[in-house]
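Here the working numbering is used: the first residue of the sequence shown is 1, the next is one more, and so on.
The set of hints was computed from the structure by calculation and includes no laboratory data. Quantities reported herein were computed from a predicted structural model and do not represent experimental measurements. All residues carry an ideal CB built from backbone N, CA and C; glycine is no exception. Incorrect hints may have been included.
As the list claims (entries may be wrong) - Okay, the calculated beta carbon distance ranges per label pair:
1) Phe192 / Phe43: 30 to 36 Å
2) Phe18 / Leu244: 33 to 39 Å
3) Ile248 / Phe148: 54 to 60 Å
4) Leu102 / Phe43: 30 to 36 Å
5) Trp171 / Trp104: 49 to 55 Å
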Amino acid sequence: MSQLTIIFNTLILFVVVFAAFFYLRKQLFNNDYGHRMIKNMFFTIILIISINLLTDITEHFVFLTTLYRILIVINSAIIPSLGFFWLLYIHHLVNFKVSRKLVWLVAFIILLTNLVLSILSVIPGMNLYYTFTLVSTPALLHANISRFYFIYAIVTLLPYILATIILIINWQKLIKKRRPFVYLGVSAFPVFGILCQALDLDNSITIASIVVTFVIIVLDLQHHFVVTDYLTGLYNRRRLAQKLKEKINKMH
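Please take these sequences and the hints and turn them into a complete structure.
Here's what the structure looks like:
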């Protein structure tokens, strides 16, 4: 795949995320904790895509190798935070009994540890997460996964795994007001992306999986807003008509 094609694909992902959030933003309220987590996810994804775009560009210029390493550190430090925003959103959605402050504390400790390991990974000779290879034709610096990459994979996947466990525990409570299968799908796509990257495939798969995840969240929220009264949290007339139609179709 040519460099121009990679950059163009990344720009398309950027536009998709921005457009999805643009149509959702006016329905999000700052005083709603879950909505704030959705906004945090949006800004994090935009930052990840932007950094990934710069990484693709700097990779092909030897004189920008230092900047390339710095961008790798930033991306490695930011991507896991997206999962913890999702975990906090699910925690709020099901009103899980574990203290929110405790979740934030654990997330902070894990993300700080990941930041330190990411920084150490780009120091010559350390090679914790990545090894950097200089390719002579054409001249470029390329990052490959290293022996301790599994730590980064665990840190990234952990919040999605915890969110899935919380969903399963609260399945019966959640199914009454939302669609839990959708949330399971949200956790599945980032897992797929990280596993693909662990196999040393193109990093764009991870970015694409993140974008798909956010679009699914936006569509589910849009559906929820359409069929639910915000003040009471009850289904509206539109949802009543849908339910009646479903019941009538099932009747003999």
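Here's how the hints hold up against the structure:
1. Phe192 / Phe43: 30 to 36 Å: Given about 23 Å between the Cβ atoms, the range is violated.
2. Phe18 / Leu244: 33 to 39 Å: holds, 38 Å
3. Ile248 / Phe148: 54 to 60 Å: holds, 59 Å
4. Leu102 / Phe43: 30 to 36 Å: For Leu102 and Phe43 the Cβ distance comes to about 24 Å; the hint is violated.
5. Trp171 / Trp104: 49 to 55 Å: For Trp171 and Trp104 the Cβ distance comes to about 25 Å; the hint is violated.
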